[in-house]
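These protein sequence lines map, in sequence, to chains A and B.
Once you know that position 110 of the first sequence is 123 in our numbering, the rest is easy, because the numbers rise by one and skip nothing.
Once you know that position 105 of the second sequence is 212 in our numbering, the rest is easy, because the numbers rise by one and skip nothing.
Hint data in this document are derived by calculation from the structure and do not stem from the laboratory.
Model, not experiment: these values are computed from the prediction.
Don't take each hint at face value.
Stated by the list, open to error - Label-pair restraints from in silico Cβ distances:
id : chain 1 : residue 1 : chain 2 : residue 2 : range
1  : B       : F248      : A       : G111      : 25 to 33 Å
2  : A       : P24       : B       : N192      : 18 to 26 Å
3  : A       : G75       : B       : H223      : 42 to 50 Å
Unchecked claim - Stretch by stretch, here's where chain B covers chain A in the computed footprint (C-beta under 8 Å, at least three residues):
id : stretch
4  : 49 to 57
5  : 79 to 89
Just so it is clear, CB atoms sit at the ideal spot from N, CA and C, and this is done for glycine as well.
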Amino acid sequence: MTRNPDRPLSPHLTIWKWGPHMAISILHRITGVGLALVGMGLFTWWLVAAASGAEAYGTFAGWASWKWALLVWVPLSWAFFQHTLSGMRHFVMDAGAGFALDTNKFWAWAVLALALVLTALLWAWIIYGRAA
Amino acid sequence: MTDVARSKASAKGSAGGRDAAGSADVGRTPLGRVRGLGSAREGGHHWGQERALSVATLLLFVWLAVSLLRLPALDLETVSEWLRNPLAAVPMLLLIAATFRHLDWGLAVVVEDYVHEEGNKLLLLMLIRFASVGAGALAAFSVLKIAFAAAAATGATP
Numbered sequence: 014m015t016r017n018p019d020r021p022l023s024p025h026l027t028i029w030k031w032g033p034h035m036a037i038s039i040l041h042r043i044t045g046v047g048l049a050l051v052g053m054g055l056f057t058w059w060l061v062a063a064a065s066g067a068e069a070y071g072t073f074a075g076w077a078s079w080k081w082a083l084l085v086w087v088p089l090s091w092a093f094f095q096h097t098l099s100g101m102r103h104f105v106m107d108a109g110a111g112f113a114l115d116t117n118k119f120w121a122w123a124v125l126a127l128a129l130v131l132t133a134l135l136w137a138w139i140i141y142g143r144a145a
Numbered sequence: 108m109t110d111v112a113r114s115k116a117s118a119k120g121s122a123g124g125r126d127a128a129g130s131a132d133v134g135r136t137p138l139g140r141v142r143g144l145g146s147a148r149e150g151g152h153h154w155g156q157e158r159a160l161s162v163a164t165l166l167l168f169v170w171l172a173v174s175l176l177r178l179p180a181l182d183l184e185t186v187s188e189w190l191r192n193p194l195a196a197v198p199m200l201l202l203i204a205a206t207f208r209h210l211d212w213g214l215a216v217v218v219e220d221y222v223h224e225e226g227n228k229l230l231l232l233m234l235i236r237f238a239s240v241g242a243g244a245l246a247a248f249s250v251l252k253i254a255f256a257a258a259a260a261t262g263a264t265p
């Protein structure tokens, strides 16, 4: 099916005023794609390395515990929490609930905040809890 | 015969009926051709499958997160020892099956929404399917190898 470019389009992304619900909707996709490409790549590398012996696992563990790898791990863990929480919000909305503007906005903010809090808690636990 | 009745007959009928309706459809918009046909009655199926799969993925990831955080370390011995237990290997295999299908469907939705050129779309969807099945198979085989290596190792020790 081809679109006639002469016909007008309905107002799109650039027209609407941004709100937390829009941010969360597109973040769900961005974090999903990130988790799918980066997360599942690392997950597969980890398991293949574990099945391939000490040397392969050493290569993986060496990279994974490299300090600059935190630039991957921290955003990845945030993406995991963000995608999981907004996915749970989607379950509620799929059931037909939570569409009233106030409720919808509140939970959108709550998901954004909660994902950041959980990421901070996880890394605080990894850095301070594990050592203790 | 009304337009709606004719469209319905052509949708359900033989190829010949469709040809006859096709000539009557000349000049009609795609919307005009399907208007009045009703739903195909299977649109909700995939949607429901996606939700069920998401629930499975969610539960299995909670299991994985709790399991990994409970392991004393993540070195090779600890991880292998853990995966030798059927109660770890089996959920891990289920997690791999659910997650790689979930990400295949998820990436497909993104491509279907944003890639409008038919050829590119088909190519990308195929790449996504190949990559997700390939990586999923690698991950699953690795879990099986670790789990079954235990039997070989214990069998070899006197």
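Structure-based check of each hint:
no.	hint	verdict
1	B:F248 <-> A:G111: 25 to 33 Å	violated (41 Å)
2	A:P24 <-> B:N192: 18 to 26 Å	violated (56 Å)
3	A:G75 <-> B:H223: 42 to 50 Å	holds (43 Å)
4	49 to 57	holds (count 5)
5	79 to 89	violated (count 0)
Of the hints listed earlier, those the structure fails to meet are numbers 1, 2, 5, in rising order.
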